[in-house]
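Undergrad: Residue numbers (the working numbering), protein chains in the order written: chain P, 19 to 352; chain C, 19 to 352.
Hints may be right or wrong, so weigh each one.
Identical copies go unnamed one by one, so any copy, or any two together, can satisfy a pair.
Unchecked claim - With a straight-line cut-off of 30 angstroms between C-alpha atoms, the simulated BS3-like cross-links for lysine-lysine are:
1. Lys337 to Lys352
2. Lys352 to Lys115
3. Lys165 to Lys331
4. Lys39 to Lys331
5. Lys62 to Lys165
6. Lys52 to Lys304
7. Lys62 to Lys149
8. Lys166 to Lys62
9. Lys331 to Lys46
Simulated from the structure, these hints should not be mistaken for laboratory data.
Protein chains: 2
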Amino acid sequence: MKKLLNNPNHVVEEMLEGYVKAHPDYIKQSNQNKRALVTTRQTKENKVGILIGGGSGHEPGFLGYVGEGMADGVAVGNIFASPSPDPILEVTKAIDKGAGVAYLHGNYAGDVMNFGMAAEMADLEEDIEVKIALGSDDVASAPKEEKKKRRGIAGEFFIFKSAGAAADFGYDLDDVIRMAEKANENSRSMGVGLSPCALPQTGEPSFELGENEMEIGLGHHGEPGIEKGPLATADEVAERLVTDILTDMPLTNQDEVAVLVNGLGSTPRMELYIIFRRVEQILSEKGIHIYRSYVGDYITSLEMGGCSVTLMKLDDELKKGIDHPVNCPMFVQK
Amino acid sequence: MKKLLNNPNHVVEEMLEGYVKAHPDYIKQSNQNKRALVTTRQTKENKVGILIGGGSGHEPGFLGYVGEGMADGVAVGNIFASPSPDPILEVTKAIDKGAGVAYLHGNYAGDVMNFGMAAEMADLEEDIEVKIALGSDDVASAPKEEKKKRRGIAGEFFIFKSAGAAADFGYDLDDVIRMAEKANENSRSMGVGLSPCALPQTGEPSFELGENEMEIGLGHHGEPGIEKGPLATADEVAERLVTDILTDMPLTNQDEVAVLVNGLGSTPRMELYIIFRRVEQILSEKGIHIYRSYVGDYITSLEMGGCSVTLMKLDDELKKGIDHPVNCPMFVQK
Chain P
19 MKKLLNNPNH
29 VVEEMLEGYV
39 KAHPDYIKQS
49 NQNKRALVTT
59 RQTKENKVGI
69 LIGGGSGHEP
79 GFLGYVGEGM
89 ADGVAVGNIF
99 ASPSPDPILE
109 VTKAIDKGAG
119 VAYLHGNYAG
129 DVMNFGMAAE
139 MADLEEDIEV
149 KIALGSDDVA
159 SAPKEEKKKR
169 RGIAGEFFIF
179 KSAGAAADFG
189 YDLDDVIRMA
199 EKANENSRSM
209 GVGLSPCALP
219 QTGEPSFELG
229 ENEMEIGLGH
239 HGEPGIEKGP
249 LATADEVAER
259 LVTDILTDMP
269 LTNQDEVAVL
279 VNGLGSTPRM
289 ELYIIFRRVE
299 QILSEKGIHI
309 YRSYVGDYIT
319 SLEMGGCSVT
329 LMKLDDELKK
339 GIDHPVNCPM
349 FVQK
Chain C
19 MKKLLNNPNH
29 VVEEMLEGYV
39 KAHPDYIKQS
49 NQNKRALVTT
59 RQTKENKVGI
69 LIGGGSGHEP
79 GFLGYVGEGM
89 ADGVAVGNIF
99 ASPSPDPILE
109 VTKAIDKGAG
119 VAYLHGNYAG
129 DVMNFGMAAE
139 MADLEEDIEV
149 KIALGSDDVA
159 SAPKEEKKKR
169 RGIAGEFFIF
179 KSAGAAADFG
189 YDLDDVIRMA
199 EKANENSRSM
209 GVGLSPCALP
219 QTGEPSFELG
229 ENEMEIGLGH
239 HGEPGIEKGP
249 LATADEVAER
259 LVTDILTDMP
269 LTNQDEVAVL
279 VNGLGSTPRM
289 ELYIIFRRVE
299 QILSEKGIHI
309 YRSYVGDYIT
319 SLEMGGCSVT
329 LMKLDDELKK
339 GIDHPVNCPM
349 FVQK
């Protein structure tokens, strides 16, 4: 795969350099650690700090969601790799306003370890209270009874959105975490992979698929899914994804949801809207009301081909969170 | 190339169906013509109507820019093909508020013919005054002395943004067109293609390139550029694109510009920011001030690989236009 790069070992540093130069009115790098980026926007005193992070290569996740209404800071890892505790701790110190900091990240072993260590260091060395909420929305990654073992994928967007709003509403740390956990508990995602991405350093494809094959339930680092099968139509793919979600999280007539049809990187918007079209039809047939829709590239995997569907079941509090305005470099909602 | 499609002949209809279902609070299809989409937002009486359009496959261009602060309606063509006069006329009738309608589109033979015919029909049949401004920002497509012969590419985004703002400011039709033409006159783009897209109906790649080749000055339907060459580094690509722009439109110390680094479809945001990084360095070395930056997929070519750089030289009026808030399904600016 051809890439616009200089030294493959410096892609993250160079991306960050470009990013802060493009959006100096939104975000800056910490002087102590260039992998620690924090908002330049004024945040209210006593607001709980929202810290997100994870590997690079998922842009707009995660740095694109630092600004007003979502996260206050981000710790940036190498491509598809967790950030180390140092930048996490740096962000924590920078964004704590005395009300503590909520860490929001996907359920991956490396992230769990590094964010956990940073949380301990924040407590012991800096006396900052930290609580953690994990994203585990990927239906394909573990059985229903073991939701806590699941990976976080595009549903993390809803967690950031909900918890970011909660912090703006003036919730305390426990309530921000409760909101994040509710968003996660009410979200289910299912994805399909059509073509791999390539890591800049190796140039190797992240997985292999036949010319007319797709992979159902693929993880967003190329983790194997549930099954490989022949490339299906958009309607069949949408039906499969929604069916798997609704089998896992039954919704009934009158339920309200937020829908996210997320592109993995190289799938045109045209195709995402064709998928959305069928998702909407299925939900509409079941009397499930779509409260708000997001269609686009929200959490990607470099230039991977494919998409995921996420449904978040809403209550009044989550609706308020979803409606809350956001102003970040890669995502703005009025 | 694998695609998430149903019937390849229905991709545009199905995309539009999904699109209006996803964003009913922004946009609706005309009852008379499904390729005619207009804003559902209230617009001021006596505001000049802004009509954009062109082929499909460039999403977010063009339908993604209908909403508040940019366009009031869009006429949608087949993939990479101009819309016919009918939907253009339908949109014209729907968005005219008595102050006339500005047509904004790229300088392509099919668009020039069809928008021109629709403008005549609007005048003769509906007594609606229409004026047209073309986008011709692609430096690669004709020599400097023949700027009017050039293609419109990503710089069209700046034309829509500027003219949309002008209409909101209460400018009359002549002044809206003046603003659009100034935005075009002050904008230059240069692109580089790394990999082709495939048309859904044929599955054929839009152009051919060797495994380590890139094409400088590629058009966004796969039109041949200036030259093919070996794949260069991101810095070299940025330098070449900016040099060609500045040779064509010399800028001096103290000049101010808006910068757009536009992805063609499958190029990760990471790479676009690495390109931006070098663009910013070059401009900064020359004392050229970046007033505002846009980095992302603004006008794409399905899943084509590569990017373009656009610079728009600013004066006070264009700055006011660039600062004007926008609220559209695929682009929001506070």
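Undergrad: Could you run down the list of hints and mark each one as holding or not?
TA: Okay, the hints, checked on the actual structure:
In this homomeric assembly, Lys337 and Lys352 come within 30 angstroms of each other (Cα to Cα) both inside a single copy, at 15 angstroms, and across copies, at 22 angstroms. Proximity of Lys352 to Lys115 under the C-alpha cut-off of 30 angstroms is found in both arrangements, the shortest distances being 26 angstroms within a copy and 26 angstroms between copies. Proximity of Lys165 and Lys331 under a CA criterion of 30 angstroms is satisfied intra-copy only: 16 angstroms inside one chain copy versus 53 angstroms between copies. Proximity of Lys39 to Lys331 under the C-alpha cut-off of 30 angstroms is restricted to the inter-copy arrangement: shortest distance 19 angstroms between copies versus 38 angstroms within a copy.
Taking the closest pair of Cα atoms, Lys62 and Lys165 never come within 30 angstroms of each other, the shortest separation being 35 angstroms inside a single copy and 50 angstroms across copies. Taking the shortest Cα distances, Lys52 and Lys304 sit within 30 angstroms of each other only across copies (26 angstroms), while inside one copy they are farther apart (49 angstroms). For a Cα distance limit of 30 angstroms, the shortest separation of Lys62 from Lys149 inside one copy, 20 angstroms, qualifies, whereas the shortest one across copies, 48 angstroms, does not. When the C-alpha separation of Lys166 and Lys62 is checked against a cutoff of 30 angstroms, the pair qualifies neither within a copy, at 33 angstroms, nor between copies, at 51 angstroms.
For the homomeric pair Lys331 and Lys46, the shortest alpha-carbon distance between copies (26 angstroms) is at most 30 angstroms, but the shortest distance inside one copy (35 angstroms) is not.
Of the hints listed earlier, those the structure fails to meet are numbers 5 and 8, in rising order.
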